Structures are given as C-alpha cells and as structure tokens.
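Listed below are the residues making up each chain.
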Amino acid sequence: MKKLTELTIKEAHEGLKNGDFTSVDLTTAYLEEIKKFNKEINAFLSVDEESAMADAKFADEKIKSGNFGMLTGIPCAIKDAIMVEGQKCTSASKILENYIAPYDATVIKKLKAKGVVILGKTNLDEFAMGGSGENSAYGVTKNPHDKTRVAGGSSSGSAASVAANMACFSLGSDTGGSIRLPSSFCGVTGLKPTYGAVSRYGLIAFGSSLDQIGPIAKSVEDAKIVFEAICGKDKLDATSADYKFSAQGGPASGWELKGLKIGVPKEYFVKGIDPEVEKIIKSAIEKAKKAGAEIVEISLPSSEFALACYYIIAPAEASANLARFDGIRYGLSEKSDNLLDVYLKTKGHGFGEEVKRRIMLGTYTLSSGYYDAYYKKAQEVRRLIKQDFEKAFEKVDLIFAPVSPVPAIKIGERTDDPLSMYLMDIYTVSVNLAGLPGLSMPAGKIGDLPVGLQIIGNHFQENKILSVAEELEKMFYE
Amino acid sequence: MISKEEVKHIAKLARLELTEKEIEKLQKDMSAILDYFNLLKKAPKPENAEEIYKDLSSVRKDEVISSYNIKDELIGSAPDKKDDYIKVKAILQ
Numbered sequence: 171m172k173k174l175t176e177l178t179i180k181e182a183h184e185g186l187k188n189g190d191f192t193s194v195d196l197t198t199a200y201l202e203e204i205k206k207f208n209k210e211i212n213a214f215l216s217v218d219e220e221s222a223m224a225d226a227k228f229a230d231e232k233i234k235s236g237n238f239g240m241l242t243g244i245p246c247a248i249k250d251a252i253m254v255e256g257q258k259c260t261s262a263s264k265i266l267e268n269y270i271a272p273y274d275a276t277v278i279k280k281l282k283a284k285g286v287v288i289l290g291k292t293n294l295d296e297f298a299m300g301g302s303g304e305n306s307a308y309g310v311t312k313n314p315h316d317k318t319r320v321a322g323g324s325s326s327g328s329a330a331s332v333a334a335n336m337a338c339f340s341l342g343s344d345t346g347g348s349i350r351l352p353s354s355f356c357g358v359t360g361l362k363p364t365y366g367a368v369s370r371y372g373l374i375a376f377g378s379s380l381d382q383i384g385p386i387a388k389s390v391e392d393a394k395i396v397f398e399a400i401c402g403k404d405k406l407d408a409t410s411a412d413y414k415f416s417a418q419g420g421p422a423s424g425w426e427l428k429g430l431k432i433g434v435p436k437e438y439f440v441k442g443i444d445p446e447v448e449k450i451i452k453s454a455i456e457k458a459k460k461a462g463a464e465i466v467e468i469s470l471p472s473s474e475f476a477l478a479c480y481y482i483i484a485p486a487e488a489s490a491n492l493a494r495f496d497g498i499r500y501g502l503s504e505k506s507d508n509l510l511d512v513y514l515k516t517k518g519h520g521f522g523e524e525v526k527r528r529i530m531l532g533t534y535t536l537s538s539g540y541y542d543a544y545y546k547k548a549q550e551v552r553r554l555i556k557q558d559f560e561k562a563f564e565k566v567d568l569i570f571a572p573v574s575p576v577p578a579i580k581i582g583e584r585t586d587d588p589l590s591m592y593l594m595d596i597y598t599v600s601v602n603l604a605g606l607p608g609l610s611m612p613a614g615k616i617g618d619l620p621v622g623l624q625i626i627g628n629h630f631q632e633n634k635i636l637s638v639a640e641e642l643e644k645m646f647y648e
Numbered sequence: 098m099i100s101k102e103e104v105k106h107i108a109k110l111a112r113l114e115l116t117e118k119e120i121e122k123l124q125k126d127m128s129a130i131l132d133y134f135n136l137l138k139k140a141p142k143p144e145n146a147e148e149i150y151k152d153l154s155s156v157r158k159d160e161v162i163s164s165y166n167i168k169d170e171l172i173g174s175a176p177d178k179k180d181d182y183i184k185v186k187a188i189l190q
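Top line first, the protein sequences correspond to chains A and B.
In terms of our numbering, the first sequence has 561 at position 391, counting the first letter as 1, and numbering is strictly consecutive.
In terms of our numbering, the second sequence has 139 at position 42, counting the first letter as 1, and numbering is strictly consecutive.
Keep in mind that the hints were calculated from the coordinates and are not lab data.
It is possible that part of the hints are untrue.
[To be verified] EDC-like cross-link-like pairs, simulated, lysine to aspartate or glutamate; straight-line CA separation at most 16 Å:
id	chain 1	residue 1	chain 2	residue 2
1	B	Lys186	A	Glu255
2	A	Lys515	B	Glu119
3	A	Lys457	A	Glu426
4	B	Lys122	A	Asp496
5	A	Lys505	B	Asp126
6	A	Lys284	A	Glu219
7	B	Lys138	A	Glu550
8	A	Lys515	B	Glu114
9	B	Lys168	A	Asp274
10	B	Lys186	A	Glu181
11	A	Lys206	A	Glu219
12	A	Lys436	A	Glu474
13	B	Lys125	A	Glu523
14	B	Lys125	A	Glu504
15	A	Lys459	A	Glu184
16	B	Lys122	B	Glu148
17	B	Lys138	A	Asp511
18	B	Lys168	B	Glu148
19	A	Lys459	A	Glu641
20	B	Lys184	A	Glu504
21	A	Lys546	B	Glu121
22	A	Lys172	A	Glu184
23	B	Lys178	A	Glu641
24	B	Lys184	A	Asp274
25	B	Lys122	A	Asp587
26	B	Lys178	A	Glu504
27	B	Lys139	B	Glu114
28	A	Lys505	B	Asp177
29	B	Lys184	A	Asp407
30	A	Lys279	A	Glu255
31	B	Lys139	A	Asp542
32	A	Lys515	A	Asp496
33	A	Lys431	A	Glu564
[To be verified] Short, incomplete list of chain A residues facing chain B, as computed with Cβ under 7 Å:
id	residue
34	Thr178
35	Tyr273
36	Ile498
37	Tyr500
38	Ser503
39	Tyr513
40	Leu514
Here the structure is a predicted model, which is why all the values come from computation and not from measurement.
C-beta atoms are modelled at their ideal positions from N, C-alpha and C, and glycine is treated no differently.
So that you can see chain A by itself, here it is in the shape it has in the complex (with noise of 0.2 Å):
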C-alpha cells in the first residue's frame, strides 16, 4: 500500500472521495514528512501550518458537502516567485526577506476555488535566476536522490518537495528552463506551458517576455490536472492568451503515438552532451517509434545562437524589471543620507552574485553603443529560432530533445565559472524564445539519477505533448 504522501493527485482524490482519508489526513502527512525531511533537503522556505490546516478543514466540508473537484483538498507548494496573499514572498532574495505578498497572483486565486491546500513557499535560485538552485539566498536545495548533488533550477525546491513527497504538486516557473531543467534533475513531471497560456499576474517578474508559471507533479495526469485548472484569459495580464483547455476530451485530446510525426533536432546531438544522457533520450525515442511514431530527423539550424540570444534578452528584461527593488516600495532599504546612496547600497547589499551578474549585463547591453551590437541582434537571432519551430512544425507533431546535456550536478561543481553554468541550459531556451510549450518527464536513471525527456509541441498543443507523454510513462514504467 502506497503512503498517503506517494499518492498522485487523482489517487488522493479517490481517497478523498470515498471516503478512506480527510484532507486533514492527508495535509497532516505532508506536514509530518516536511517536518522530517525538509531540514535536509532545504525544498521549503516558509510553511505555514495553520493556514494550510485551514485550508484542509476548509476542502473536507467541501468534501462532505459533495461540491467539490479534483484538486479539492489536495496539499500543494508554490514557488516563492509567486505572491500568496498575507505570506512571505522572498524570491529567495535579502532584498526581499520581509515582504509580505499584498494580493494571490491569479494562478493561486484559481487554485483557492478549486479549494487546494496551500503547504508553503519553495526555494528558487533567487529572482529565479539559475540552473542549479544554489544562487538562493537562503541556500541550496539538495537533490532527493542524491542529497551531495543539485535539485536544479530556478524551480529547486518545487521540484524537490514533489520528488521527496513534501508535497503532492507544486507550481513553479520557466523563464529558460526553470521547471524543466529540476525536473529533469529531481524524476518528476514538468510542464512549461506556451507563452500567454497562464496568467503571470503576480510572478515576480524575471523576463517578461520568456516567463511562465506551470505545473510540476508526480505524474503526467496530474500536470495535465493542475495545467487545466490555471490556464486561461487573464484581464490583469495583457499577454494571456485566451485559451480553452480540456483534461477531458476536447477537440484535441486523443492523440496517439501510432501515425505520429516526431522531429529530432540534430544539432542537439552533437558535442557536450553526456553520452548516458544521449542514450537515455534515444531509447526514449526507440520506444515512441515502436509505438508506431515516425521519427523524423529535423534541423533547426539557430541551435547554436539560443544560448547568446536568450543571455542577452532575459539579462536585458531582468535588468529593467528589478529596478524596482530601491529601498523604496519594497522590503529592505539601507539607510543612507542622500536618495542615490539609498539606491546605490539597496541593491549592492540585497542582490545576491548572480542576480548582480545578470543586471550588470543587461544594463551593458541596453546602453547606449552597445544595443545595436547585442540587444538588437539578440532579437533578430530570436526571430531565426522561432523561424526555425515554425519551419520544423510544418514538418512534425512533436520535437523529442534532452532537457539538459547532464544529470544533475554536485554541489559546488560549476558555481565558480557562471558560463559553464548557463549551457545547462542549451537545450530548454530555444523554447522560452520561441513562446512553445515543453514539458519534461522522467525518462530513466544513470544510476540514481534521473534524465528528463523534454517533448516540445507548437504554440498551444499542450493537449499534444501531455497525450504523447502519457502513452509514453506507460511505456518507461513497465
């Protein structure tokens, strides 16, 4: 017999609905096995019990009432890049170590009505900027599997607090790889989802253009689950998308592998990436084409320039979007006798190494002779990658890729060399760029430690991918 804290979402809801466990059963367990386990691995940044056993009592009256749905009672983590209202919102940030959220971001308001238990805030590498997890000003979160390794980033501890149990499922967000990249490294299922298919109202903004908050979850049922409940028009964010999806059968549900057209990048197998990796991500690929799939070699031929492109766009939008933390709207403020100082020592003893890195080179490549030379051409690169997709989707349903070209790191490994760092995320940005949909999912292990399948799917087929996938975690479980 499962633990109650192994259950997915649509087992707990069984339980839920007949009657064998309360929601305050179940967010008891949770909060047992953070208590346990959280201290190791660092996944959590805030819990807040009482409000999650209120949420709990809340659910189970809802329950017994017979109004209720799916994810009713069901305990969840959110990325601390995301505002709850009344909790703390860090960004895993000093600079913002005690603001409270003043308002629910729309996905949270969205999974309130559902009626979710609300567990508590993860960590992140801070204002979400990072591949490893360890840019968090509050520490590293350490990998489930291997407690000397990374859990990955920006999304760590969302990752993590699923993969340890910590939480049923959690939410998380994808600026370049920051729900795939952990949950490639961490054995669970991520979803970034197409740019405007989620609100981002009350994400702390990293880069506007490439964010996206998404599901990460046990399985690809429950992705599918959590990814219905928030998407969808969002007035107070002008680039939502106004998009109907269905877990249930819908227009576009139904997709199976047999007859299926599935591109494989070339360019993506080629030096760098880890050859256990390699072979993981063909045997993938062996089994959808055993499946029936036809598999279809495909060249997106920017591959090269995604990497430049994306460290220069998202620098440049973050660079703009935290000048907003100055010592005086929010959190912390250095004391100081003239306004600049107030500035000036704000941000030099708030921002951590990374997040100064990265403002410093969006500033250098937004200034003044030096736009047309990086910003300008980073757009016009960008332009080619979207090329590309649109060029490679008249082709194929579906591309199969690595989610990054090693498993996940040890700790310490490349905090040194920032370079090194960022081509872990080689093969997650191109999407970002191009505004796709990508989802990871465990794929198989080198020894303890999971890789990831990404599968990509043109704007707005996440019924696609999440169809594919679910035929294919049959296939990887057996």
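Assemble chain B onto chain A, guided by the hints.
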C-alpha cells in the same frame, strides 16, 4: 576584456554599489560572457527584420481594468511612510 572603468560605469547606471572584489570578478565574468556573445555575429539577418517590434506593440493596450482596493497593503509594503504617503529622501537639498 572590458575595463574596470567600464564595469564601474555600468554599475553606476544600474545603481549598484559594488566592492572592489566584486568589480574584479565582474570584469572577468562579463568579459568571458560578452566574448561568448560574439558568436551572434555569425548569425544571418532574418527576413523582415524590421517587423520584429511591430507584433510586440499590439500586445499592450492601455486600458483601465478595474479599481483594485489594495491601496493600504501596497503603501504598507514601503519601508518608510507617513499616513498615506511613501517617504523618500529629499532630492533637492
């Protein structure tokens, strides 16, 4: 390699106070990263490059969505305040 003076100039634009050690590290890191960016010089120019900003400008329309009654919470977040006002240091001495 970018110069120390350039790093200091950018830090001033970004309103960041940096220590001498941070300046040295940034000089090294930024130079390596900016070198890597030179890769983009190899990239061809896309067709219709001038249209890149056209589709972005249609995303935002200035419209008042609704009144949101969280004034007290927002002002309450400020580190220094008096009544309904956020206090800042005098700009003109």
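We went through each hint and held it up to the structure:
1. B:Lys186 / A:Glu255: violated, 30 Å
2. A:Lys515 / B:Glu119: Satisfied, since the Cα-Cα distance of roughly 14 Å is no more than 16 Å.
3. A:Lys457 / A:Glu426: The hint holds at about 13 Å.
4. B:Lys122 / A:Asp496: violated, 24 Å
5. A:Lys505 / B:Asp126: violated, 30 Å
6. A:Lys284 / A:Glu219: violated, 19 Å
7. B:Lys138 / A:Glu550: Answer holds: Lys138 (chain B) to Glu550 (chain A) is near 11 Å, not above 16 Å.
8. A:Lys515 / B:Glu114: holds, 6 Å
9. B:Lys168 / A:Asp274: Holds. Lys168 (chain B) to Asp274 (chain A) sits at ~15 Å (cutoff 16 Å).
10. B:Lys186 / A:Glu181: violated, 57 Å
11. A:Lys206 / A:Glu219: Holds, because 14 Å separates the two Cα atoms, which is no more than 16 Å.
12. A:Lys436 / A:Glu474: holds, 12 Å
13. B:Lys125 / A:Glu523: holds, 14 Å
14. B:Lys125 / A:Glu504: violated, 28 Å
15. A:Lys459 / A:Glu184: violated, 34 Å
16. B:Lys122 / B:Glu148: violated, 39 Å
17. B:Lys138 / A:Asp511: Violated, because 39 Å separates the two Cα atoms, which is more than 16 Å.
18. B:Lys168 / B:Glu148: violated, 40 Å
19. A:Lys459 / A:Glu641: holds, 12 Å
20. B:Lys184 / A:Glu504: holds, 14 Å
21. A:Lys546 / B:Glu121: violated, 28 Å
22. A:Lys172 / A:Glu184: holds, 13 Å
23. B:Lys178 / A:Glu641: With Cα atoms ~57 Å apart, Lys178 (chain B) and Glu641 (chain A) exceed 16 Å; violated.
24. B:Lys184 / A:Asp274: violated, 26 Å
25. B:Lys122 / A:Asp587: holds, 11 Å
26. B:Lys178 / A:Glu504: holds, 15 Å
27. B:Lys139 / B:Glu114: Roughly 35 Å separates the two Cα atoms, so the pair is violated.
28. A:Lys505 / B:Asp177: holds, 10 Å
29. B:Lys184 / A:Asp407: With a Cα-Cα distance of about 30 Å, the restraint between Lys184 (chain B) and Asp407 (chain A) is violated, given a limit of 16 Å.
30. A:Lys279 / A:Glu255: The given pair, whose Cα atoms are some 9 Å apart, holds under the 16 Å limit.
31. B:Lys139 / A:Asp542: holds, 15 Å
32. A:Lys515 / A:Asp496: holds, 9 Å
33. A:Lys431 / A:Glu564: holds, 11 Å
34. Thr178: This interface hint is violated because 36 Å lies over the 7 Å limit.
35. Tyr273: It holds, given that the least Cβ distance between Tyr273 (chain A) and chain B is near 6 Å, below 7 Å.
36. Ile498: holds, 6 Å
37. Tyr500: holds, 5 Å
38. Ser503: holds, 4 Å
39. Tyr513: At about 4 Å, which falls below the 7 Å cut-off, the nearest Cβ of chain B leaves the hint on Tyr513 (chain A) intact, so it holds.
40. Leu514: holds, 4 Å
The structure shown violates the earlier hints numbered 1, 4, 5, 6, 10, 14, 15, 16, 17, 18, 21, 23, 24, 27, 29, 34.
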